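Here the protein sequences come in this chain order: U and S.
Residues in the first sequence are numbered consecutively from 2, following this note's numbering.
Residues in the second sequence are numbered consecutively from 2, following this note's numbering.
Don't take every hint at face value.
[What the hints assert, rightly or not] Per label pair, the in silico range of CB-to-CB distance: (1) U:Ser-561 x S:Phe-25: 33 to 41 Å; (2) S:Pro-33 x U:Ser-561: 48 to 56 Å; (3) U:Asp-414 x S:Pro-33: 30 to 38 Å; (4) U:Thr-285 x S:Gln-55: 18 to 26 Å; (5) U:Arg-348 x S:Glu-10: 52 to 60 Å; (6) S:Gln-55 x U:Ile-571: 34 to 42 Å; (7) U:Thr-419 x S:Gln-55: 39 to 47 Å; (8) S:Gly-36 x U:Asp-414: 38 to 46 Å; (9) U:Arg-80 x S:Gln-55: 44 to 52 Å; (10) U:Ser-600 x S:Lys-42: 18 to 26 Å; (11) U:Glu-616 x S:Asp-8: 21 to 29 Å; (12) S:His-27 x U:Arg-577: 29 to 37 Å; (13) U:Ser-165 x S:Gln-55: 55 to 63 Å; (14) U:Pro-25 x S:Phe-25: 25 to 33 Å.
[Stated by the list, open to error] Listed next, the in silico PhoX-like pairs over lysine-lysine satisfying Cα-Cα at most 20 Å (straight line): (15) S:Lys-59 x U:Lys-646; (16) U:Lys-367 x U:Lys-394; (17) U:Lys-646 x S:Lys-37; (18) U:Lys-221 x U:Lys-274; (19) S:Lys-15 x S:Lys-34; (20) S:Lys-59 x U:Lys-274; (21) U:Lys-99 x U:Lys-47; (22) S:Lys-34 x S:Lys-3; (23) U:Lys-312 x S:Lys-59; (24) S:Lys-15 x U:Lys-646; (25) U:Lys-47 x U:Lys-110; (26) S:Lys-42 x S:Lys-15; (27) S:Lys-48 x U:Lys-646.
[Unchecked claim] Selected chain U positions facing chain S (Cβ under 8 Å, derived; list incomplete): (28) Lys-91; (29) Ala-249; (30) Pro-339; (31) Asp-602; (32) Phe-604; (33) Val-605; (34) Trp-623; (35) Arg-627; (36) Gly-631; (37) Asn-634; (38) Ser-639; (39) Tyr-641; (40) His-643.
Calculated from the structure, these hints are not laboratory results.
Predicted model only: the values in this text are computed from it and were never measured.
C-beta atoms are modelled at their ideal positions from N, C-alpha and C, and glycine is treated no differently.
Next come the chains, spelled out residue by residue.
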Amino acid sequence: MSQEITQSYTQSFVQNCIRGEPPPCAAACPFKLDVKDFLTKTGKGKWTSAYKTYRNAVFFPSVVAELCPEPCKNVCNIREKPIEMLSIEKAVLSHVKKRGADYYAIPPKDNRVAVAGASIAGLACALGLAQKQYQVTVFDTLDGWGGSLRGHPKFEVFDEDFRSQFSAVKVEFIFGAEIDERRSEFETVYEAPDNGDPIYEIVEGAFEAVRIETYLQTNKYPEPQINTPERPADSRSGSEFSEQETQAEASRCLQCDCSACIDACVMLRQFRKEPRRLALEFFTDAHVNPPLNTHSLTREAYSCTDCGMCKAACPKDIDLGILFYEYRKMRAENDTVPTAFHDVFLRRMKKYNAEGRDIPPSGDSKYVFFPGCSVSTEIPAASKRVYAYLREKFGAGLLEHCCGSPEKWAGLDNEQLTVNSEQYTYIYACPSCYETLHETYPELKLISVYELLDDFDKPEIPRSELTIFHACSARENETLQRSVEKLAAASGIEYQGSELSCCGYGGQTQLANPSLFRDTVNERKALNPNPYLVYCANCRDTFKRQGKECYHVLELLFPSDDGELKSPLIIPDDAREYMSDNLISESDILEVINNAEDSGDKFVAPDGSFTASLERGALTYWVEYRVDSGNGNFEIISAYYHRMKFRQEGQR
Amino acid sequence: MKCSKCDEELVVRKTEFDYLGSTFSHEVPVCPKCGKVFISKELALGKMSEVEQQLEDK
Numbered sequence: 002m003s004q005e006i007t008q009s010y011t012q013s014f015v016q017n018c019i020r021g022e023p024p025p026c027a028a029a030c031p032f033k034l035d036v037k038d039f040l041t042k043t044g045k046g047k048w049t050s051a052y053k054t055y056r057n058a059v060f061f062p063s064v065v066a067e068l069c070p071e072p073c074k075n076v077c078n079i080r081e082k083p084i085e086m087l088s089i090e091k092a093v094l095s096h097v098k099k100r101g102a103d104y105y106a107i108p109p110k111d112n113r114v115a116v117a118g119a120s121i122a123g124l125a126c127a128l129g130l131a132q133k134q135y136q137v138t139v140f141d142t143l144d145g146w147g148g149s150l151r152g153h154p155k156f157e158v159f160d161e162d163f164r165s166q167f168s169a170v171k172v173e174f175i176f177g178a179e180i181d182e183r184r185s186e187f188e189t190v191y192e193a194p195d196n197g198d199p200i201y202e203i204v205e206g207a208f209e210a211v212r213i214e215t216y217l218q219t220n221k222y223p224e225p226q227i228n229t230p231e232r233p234a235d236s237r238s239g240s241e242f243s244e245q246e247t248q249a250e251a252s253r254c255l256q257c258d259c260s261a262c263i264d265a266c267v268m269l270r271q272f273r274k275e276p277r278r279l280a281l282e283f284f285t286d287a288h289v290n291p292p293l294n295t296h297s298l299t300r301e302a303y304s305c306t307d308c309g310m311c312k313a314a315c316p317k318d319i320d321l322g323i324l325f326y327e328y329r330k331m332r333a334e335n336d337t338v339p340t341a342f343h344d345v346f347l348r349r350m351k352k353y354n355a356e357g358r359d360i361p362p363s364g365d366s367k368y369v370f371f372p373g374c375s376v377s378t379e380i381p382a383a384s385k386r387v388y389a390y391l392r393e394k395f396g397a398g399l400l401e402h403c404c405g406s407p408e409k410w411a412g413l414d415n416e417q418l419t420v421n422s423e424q425y426t427y428i429y430a431c432p433s434c435y436e437t438l439h440e441t442y443p444e445l446k447l448i449s450v451y452e453l454l455d456d457f458d459k460p461e462i463p464r465s466e467l468t469i470f471h472a473c474s475a476r477e478n479e480t481l482q483r484s485v486e487k488l489a490a491a492s493g494i495e496y497q498g499s500e501l502s503c504c505g506y507g508g509q510t511q512l513a514n515p516s517l518f519r520d521t522v523n524e525r526k527a528l529n530p531n532p533y534l535v536y537c538a539n540c541r542d543t544f545k546r547q548g549k550e551c552y553h554v555l556e557l558l559f560p561s562d563d564g565e566l567k568s569p570l571i572i573p574d575d576a577r578e579y580m581s582d583n584l585i586s587e588s589d590i591l592e593v594i595n596n597a598e599d600s601g602d603k604f605v606a607p608d609g610s611f612t613a614s615l616e617r618g619a620l621t622y623w624v625e626y627r628v629d630s631g632n633g634n635f636e637i638i639s640a641y642y643h644r645m646k647f648r649q650e651g652q653r
Numbered sequence: 002m003k004c005s006k007c008d009e010e011l012v013v014r015k016t017e018f019d020y021l022g023s024t025f026s027h028e029v030p031v032c033p034k035c036g037k038v039f040i041s042k043e044l045a046l047g048k049m050s051e052v053e054q055q056l057e058d059k
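Isolated chain S (complex conformation):
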């Protein structure tokens, strides 16, 4: 997967996430040049959705 604008292959980098007042970090693919973050469908509907629900139920 490449960043279309920068024409750079994505690299995995620790990225911070926020939801409902909680902050945590996770390694996700980002463009090494512009820093744009890529969230795959699997991550969004898998782990992220799971954490979102846990925080909502907290």
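In isolation and in its complexed conformation, chain U is listed as follows:
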């Protein structure tokens, strides 16, 4: 039974995601200014628009541009040269032509509010409430507004700013007077502080305006501000920017947002869907019942390579991949899987399981070699020789059975593999086998073949141009990674560093999304210009098929001395390439031809070539071929398949 994709399950994926959250600069800003938006507008020279964004956030732009301690600069991700925010703010103020306040077309309200003290906190509160059309009266014992700022050398500029911001609202100012005897005329009174910390007093006054409005509407005061904003060290700078310099400086902004998983994953980049949106769509799709559900996520769900790179990259450790996996399981349980996506892999797995050998260990040996289908079929000669060595050295048995990865990737339950976890230690050769076996049988004792070759009389392999490509399934298996590196070095391979990535094979997405598969492999091929040294047979197969020079450690250590098996098929390069891209094997072709030749069920073209078909699982294979009667070979013209089934006459 799969993990049900419930709302809370989905939320556990989306809640922690920080993509789309404010960048560090905006989070550090006392006013929570939308810095990215402000700098985008500034970068384009849209002074009025940038000014409005700034003014709406900070209330009194001239005051803030003069006095802000610029905490954003301390957290800017361009560490070596943070964006000069304060200089940009000042420059915007000097370059903008229209600095007037905006009028808010809101009906006036009857509620009367008093602000005791025309300090900058009181002014911010009064402005906030007046913009909402409350009746505001500000009292101050001094002769004018500004409180302690009145003594500031730039008070004239501040005074002009206050005039400008209050020009579009109605506020009654009573200077040279205490509120005392008139207190009862108002529904509430804000005692404005004035302790010489103007920036945070604006924040406080603005917040108080929101609290007062809530009180006037609900008769309840919300909790006061919970987090007193941190007052960071002053990091102000004093450059003066021309229009061009301002634009250039603003354009340096990286527009920071977390894109770690998207950067790591070709699929997320290609689908261009926000990770959170994907997670929510999985939830939605999982909860709409047929026939109304659209399963619009089919292509996405079956395009995930299950490589764990999104999780490894995520600063919040979110495992988006597991949601794809759970979704595939759900589709399998609901029987709504496009079977053609995984059919080839599952048929190959069943064939391997049916033909695989199960040889017990000799004597009192505890070891059983578990080569896995990839090693057995991709490097069969090496696989045989490894087994021969392990048998001789350790008395190891042999179990040729699939670990269950193809079923897992198709969303199916593992076919029951019989393991003897009490008695035996299984020697694996493939990191995917380790991952799947460990997941399915956590108690199973497993050791990699690469740890057991210390005493093996290794051939000297004088290669110095190879780079080790650690498979995605070995990411968390440090022992395996180090063993392979040690083994390579002990064999004389002077490898050139290593990469840890996914070749693109995982999840078996090749038939569900062929172009994405190709793009992924190409990206991973290009990670390093050197030929790869791999220890996952799937990596080897994938890279080789896409033209990357690549060697499996075992094929170098146990080179084949067998000649190639003679095939009766003559296949031109273009047909072979198509077959490789579409996972059509020579044995698939032989099956079609043998069936046609035995039964006579085939079509003949005017040029004498034949075309025959055979339905196998979810696919119907077709082969165009000529018979070379002289030597019994078959010359292949093309091979293809389709997923649809057709009904021949008389069939229902």
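Got chain U; can you put chain S on it based on the hints?
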């Protein structure tokens, strides 16, 4: 194109196709005698593949 077994020239006939629960018909060459259907490479990799993808994405 001929059916090898029946030695008959193929004729175009309406044939039913199924995929992922949808059924539709299309005219394709079939043997008039045994009814065996011929799907050309062009049809399989062209129109059929297109419809298959659309149904998978539905």
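Quick rundown of the hints versus the structure:
| no. | hint | result |
| --- | --- | --- |
| 1 | U:Ser-561 x S:Phe-25: 33 to 41 Å | 49 Å, violated |
| 2 | S:Pro-33 x U:Ser-561: 48 to 56 Å | 52 Å, holds |
| 3 | U:Asp-414 x S:Pro-33: 30 to 38 Å | 47 Å, violated |
| 4 | U:Thr-285 x S:Gln-55: 18 to 26 Å | 21 Å, holds |
| 5 | U:Arg-348 x S:Glu-10: 52 to 60 Å | 35 Å, violated |
| 6 | S:Gln-55 x U:Ile-571: 34 to 42 Å | 36 Å, holds |
| 7 | U:Thr-419 x S:Gln-55: 39 to 47 Å | 42 Å, holds |
| 8 | S:Gly-36 x U:Asp-414: 38 to 46 Å | 39 Å, holds |
| 9 | U:Arg-80 x S:Gln-55: 44 to 52 Å | 49 Å, holds |
| 10 | U:Ser-600 x S:Lys-42: 18 to 26 Å | 22 Å, holds |
| 11 | U:Glu-616 x S:Asp-8: 21 to 29 Å | 24 Å, holds |
| 12 | S:His-27 x U:Arg-577: 29 to 37 Å | 30 Å, holds |
| 13 | U:Ser-165 x S:Gln-55: 55 to 63 Å | 60 Å, holds |
| 14 | U:Pro-25 x S:Phe-25: 25 to 33 Å | 55 Å, violated |
| 15 | S:Lys-59 x U:Lys-646 | 18 Å, holds |
| 16 | U:Lys-367 x U:Lys-394 | 12 Å, holds |
| 17 | U:Lys-646 x S:Lys-37 | 13 Å, holds |
| 18 | U:Lys-221 x U:Lys-274 | 42 Å, violated |
| 19 | S:Lys-15 x S:Lys-34 | 15 Å, holds |
| 20 | S:Lys-59 x U:Lys-274 | 17 Å, holds |
| 21 | U:Lys-99 x U:Lys-47 | 12 Å, holds |
| 22 | S:Lys-34 x S:Lys-3 | 11 Å, holds |
| 23 | U:Lys-312 x S:Lys-59 | 29 Å, violated |
| 24 | S:Lys-15 x U:Lys-646 | 14 Å, holds |
| 25 | U:Lys-47 x U:Lys-110 | 35 Å, violated |
| 26 | S:Lys-42 x S:Lys-15 | 18 Å, holds |
| 27 | S:Lys-48 x U:Lys-646 | 14 Å, holds |
| 28 | Lys-91 | 53 Å, violated |
| 29 | Ala-249 | 45 Å, violated |
| 30 | Pro-339 | 5 Å, holds |
| 31 | Asp-602 | 6 Å, holds |
| 32 | Phe-604 | 5 Å, holds |
| 33 | Val-605 | 5 Å, holds |
| 34 | Trp-623 | 6 Å, holds |
| 35 | Arg-627 | 13 Å, violated |
| 36 | Gly-631 | 20 Å, violated |
| 37 | Asn-634 | 19 Å, violated |
| 38 | Ser-639 | 6 Å, holds |
| 39 | Tyr-641 | 5 Å, holds |
| 40 | His-643 | 4 Å, holds |
Checked against the numbered hints above, the structure breaks hints 1, 3, 5, 14, 18, 23, 25, 28, 29, 35, 36 and 37 and satisfies the rest.
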